[in-house]
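Let's have the full structure, built from the sequences with the hints guiding it.
The sequence shown: position 6 = -7 (this note's numbering), numbered continuously.
Check each hint, because a few of them may be wrong.
Each pair of labels, with its calculated beta carbon distance range [stated by the list, open to error]:
#1 P53 - R20: 26 to 34 Å
#2 G35 - T(-9): 16 to 24 Å
#3 R36 - T(-9): 13 to 21 Å
#4 G35 - E(-8): 25 to 33 Å
If you are wondering where the hints come from, they were derived from the structure by calculation, not from laboratory data. Predicted model, so just to flag it, every value in this text is computed and none were measured. Backbone N, C-alpha and C define an ideal beta-carbon position, used for all residues, glycine too.
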Amino acid sequence: MTLTEEEVRTLPPVVNVPTAAAVLGISPATAYRLIRAEEWPTPVLHLGRYIRIPRAALLDMLELRP
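Listed below in structure tokens is the structure:
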């Protein structure tokens, strides 16, 4: 499931890994593997047992920031 540009722009300020994976068009398993290998292309927030990705970083990576 890949998200549209409009859907990406309206995401909350931080998103979970499956949502970030959908933005990039990859599987959640691949996203978690990249994060564990420290090869994920944006900053990663480790909040206790939760992993979150900043929406702004995804927008920058996809060159969608105004």
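For each hint, the structure was consulted:
{"no.": "1", "hint": "P53 - R20: 26 to 34 Å", "in the structure": "32 Å, holds"}
{"no.": "2", "hint": "G35 - T(-9): 16 to 24 Å", "in the structure": "31 Å, violated"}
{"no.": "3", "hint": "R36 - T(-9): 13 to 21 Å", "in the structure": "30 Å, violated"}
{"no.": "4", "hint": "G35 - E(-8): 25 to 33 Å", "in the structure": "31 Å, holds"}
Hints 2 and 3 from the earlier list are contradicted by this structure; the remaining hints agree with it.
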